[in-house]
Amino acid sequence: PADTRDAARVRSAPAPLTDVARLCVCDLLVAQCDVNCCCDPDCSAEDFSLFTTCSVPVVTGDSQLCNQKAAVYSLDVEANPPERIFKLIDQVNPSIFCIHATNYKQALYLKSPEIPTAENFDQLLEKFGGASFRAEPEIWDLDTDAPNPPEANETSRYEFGVPVQTEDSFLRLPSPVVTSWCSDANPAGFLVNQATKCIRSVSVEKCDSIQALSMLFYINSSILAVTDMSLFFQVNITVQSIVVQSLNGMRSLLSSSDVLRLPMVLDDLCINAVLGVNYHITHTDTGEIIEAAAAFVLGAISKEALSIEQSFEISFTQENTQPVPLSGNPGYVVGLPVRAGFQPQGYPSPAAFLFAALALSSNKHSQLTILQSTSTQDCLAAQGARAPVLFSYNMISGCKLRITAAMKCQPLAQTLLDVLKGQSFPEYVASFGNSQAQDVLDWVPITQLHISEQKISQTLQSPCQIPVSLGIEVKWTKYGSLVNPQARIVNVTATITTSTLKQLPSGRERIIPITSSVVFTDISAPAEPSYKAWPTINIKLPFDFFYPFV
Amino acid sequence: NKSFQLSSLPLQILLYVNGIYYIFYFLATLAMIIYKSQVFSYPDDLLAPDVTVLFLMGILEVPRLYLGFKGNLTEAEAPLGLSLGLTVGSVVLSVYLLLWQTYVLWADVLLSAVLLSTYGLESGLKVMAIAAFVS
Numbered sequence: 001p002a003d004t005r006d007a008a009r010v011r012s013a014p015a016p017l018t019d020v021a022r023l024c025v026c027d028l029l030v031a032q033c034d035v036n037c038c039c040d041p042d043c044s045a046e047d048f049s050l051f052t053t054c055s056v057p058v059v060t061g062d063s064q065l066c067n068q069k070a071a072v073y074s075l076d077v078e079a080n081p082p083e084r085i086f087k088l089i090d091q092v093n094p095s096i097f098c099i100h101a102t103n104y105k106q107a108l109y110l111k112s113p114e115i116p117t118a119e120n121f122d123q124l125l126e127k128f129g130g131a132s133f134r135a136e137p138e139i140w141d142l143d144t145d146a147p148n149p150p151e152a153n154e155t156s157r158y159e160f161g162v163p164v165q166t167e168d169s170f171l172r173l174p175s176p177v178v179t180s181w182c183s184d185a186n187p188a189g190f191l192v193n194q195a196t197k198c199i200r201s202v203s204v205e206k207c208d209s210i211q212a213l214s215m216l217f218y219i220n221s222s223i224l225a226v227t228d229m230s231l232f233f234q235v236n237i238t239v240q241s242i243v244v245q246s247l248n249g250m251r252s253l254l255s256s257s258d259v260l261r262l263p264m265v266l267d268d269l270c271i272n273a274v275l276g277v278n279y280h281i282t283h284t285d286t287g288e289i290i291e292a293a294a295a296f297v298l299g300a301i302s303k304e305a306l307s308i309e310q311s312f313e314i315s316f317t318q319e320n321t322q323p324v325p326l327s328g329n330p331g332y333v334v335g336l337p338v339r340a341g342f343q344p345q346g347y348p349s350p351a352a353f354l355f356a357a358l359a360l361s362s363n364k365h366s367q368l369t370i371l372q373s374t375s376t377q378d379c380l381a382a383q384g385a386r387a388p389v390l391f392s393y394n395m396i397s398g399c400k401l402r403i404t405a406a407m408k409c410q411p412l413a414q415t416l417l418d419v420l421k422g423q424s425f426p427e428y429v430a431s432f433g434n435s436q437a438q439d440v441l442d443w444v445p446i447t448q449l450h451i452s453e454q455k456i457s458q459t460l461q462s463p464c465q466i467p468v469s470l471g472i473e474v475k476w477t478k479y480g481s482l483v484n485p486q487a488r489i490v491n492v493t494a495t496i497t498t499s500t501l502k503q504l505p506s507g508r509e510r511i512i513p514i515t516s517s518v519v520f521t522d523i524s525a526p527a528e529p530s531y532k533a534w535p536t537i538n539i540k541l542p543f544d545f546f547y548p549f550v
Numbered sequence: 001n002k003s004f005q006l007s008s009l010p011l012q013i014l015l016y017v018n019g020i021y022y023i024f025y026f027l028a029t030l031a032m033i034i035y036k037s038q039v040f041s042y043p044d045d046l047l048a049p050d051v052t053v054l055f056l057m058g059i060l061e062v063p064r065l066y067l068g069f070k071g072n073l074t075e076a077e078a079p080l081g082l083s084l085g086l087t088v089g090s091v092v093l094s095v096y097l098l099l100w101q102t103y104v105l106w107a108d109v110l111l112s113a114v115l116l117s118t119y120g121l122e123s124g125l126k127v128m129a130i131a132a133f134v135s
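Sequence lines, in order, name chains Y and P.
Numbering follows full-length UniProt numbering, in which position 122 of the first sequence is assigned residue number 122; successive positions increment by one, without gaps.
Numbering follows full-length UniProt numbering, in which position 99 of the second sequence is assigned residue number 99; successive positions increment by one, without gaps.
No wet-lab data here; the hints were simulated from the structure.
Where a beta carbon is used, it is the ideal one built from N, C-alpha and C, also for glycine.
Warning: the hint list may mix true and false statements.
Using C-beta positions, here's what the derived DEER-type ranges look like [said to hold, decoys possible]:
(1) D90(Y) x S7(P): 41 to 51 angstroms
(2) D44(P) x L125(Y): 23 to 33 angstroms
(3) D90(Y) x G120(P): 22 to 32 angstroms
Some, not all, of what chain Y presents toward chain P, calculated at C-beta under 7 angstroms [what the hints assert, rightly or not]:
(4) L65
(5) C66
(6) F97
(7) C98
(8) I99
(9) H100
(10) A101
(11) N103
Given only the sequences and the hints, what does the whole structure look like? Please build it.
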């Protein structure tokens, strides 16, 4: 029937052309004469007369055959006009291994590809649809290769900077992007402690429908312990504490933090709106998150307010450790506090410094501090206000001391010493920003000097000396490689300058300035770059090298 | 003394030469099949029959030559007749290798032609020897 024959015809590609006389490789343009193509049937005799050579001189079949027909094209340039000569000759292959005959018809021609139809499409796609396919039939490999399951532990742990994943997306830390408006698309990076503040637009009428003002928005997704989704260890975010801030700024800690407080409209105010979130994430030393807690600051928004400022913070702590803020790793970073500590009483020997680990903890009292000037500038009233000494920031501060006649010298001197040095003046300063308390040699002792301002006069009474200034000089050096020098504190000297207190006549007052200063001096030795010596060429010629001439 | 000796000397010489020539023919054809399978596209389902025919011919040649020698020397017509029968089989296989192999090289044609002419001559001499023995 005609339809099956049509179907059969559609399914196979047209038969290849094997007649040498009609085969033309250089006939590229359809219905046009190709230049210098002597076999082109579209060319007329006038076109041939314009040719210079024949680009295809011989058209043959497979040259391995013993004898075959060949079409030879050439140009007869001597004739006027030049004409094309076409000859059909028998070409003989002289080799003894030429193919005399073949019973395998496909041997000499390229295989016609199978035309895809609706029936064989799936099978063709399976065979040829991949990135590569075999020429041989696939009976050789009997088992299909199953892909090896990926190693579960390899890359599933969190690394520094990797976004902390929750079950549906990332843990969000809203932050300002370009402008100050809050963007919720900022993911929190693992081990990246961040603190951001941004502005969010609010309206009191719709405040219970604004998601970013409700506590649920920040704790409803649970954090994945590891980045691999298949391991379903999830850590729920617990509410650590809730602080309620009133309209005038007063904050009070709520005793019970289990109840979830959602924003609601009350008398023109929107209460329980989130003003700040502080995430504390606890992790193991292998990069798994084991605990997550959030501390909220809830506040009230008044009707006139069109926007509020929210502040967010995230901090990471390793489990079972006390976090010690480093001031540099290893060298001190400019602007970070200088770490200091002291030996506990009763252990004067340096060998017992091991016990000082207890003393060099991370409380603020173990920093080197300097007197902080207050607005009243009265030394005796301003006890207790101290500022940390920041590395490489020279500071000077002071206060004024009003001396009356009734003041006794000795107690005054002791009070001033307390004012200048603070309650617990440290004895050792960390040499590097990350010095551990156990490493005794990484700590520099503070040298204490006393200088008297005036010469001790030869009077019978020992004059009363009161300290009037404390100068801390920190000598530091650049340490390490030339490209990345680290700051290292080498020497710390605290100099107390005392001055004689002259007795005042009763009723008179004197005001003495008391100063304290910190100076950082760079005593780096000039750098010594070292280069490898140039290689020397060590040639020794034999003594008779220039024989005939020397 | 020709009347007392019925064994055919030319047949004997021809059988001897046939034996040596066949060894050469077998090795050469096998080497060419290997060459063809490397140079040309020679699928396995076409390679198998060609190699089978060649080895079958080799297996057939040994009893054929033995029976020919024995029959001629003992002047017995039965082994010689059997050898003639086996020669027919060898001729058929040789014609296959000449005409119906997958690739027939010019060297194949030469070797097979020489073998076939040897077989033809041998058959003629065997028939004459049988006639001499019977009568």
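Output the numbers, in ascending order, of every earlier hint that fails for this structure.
4
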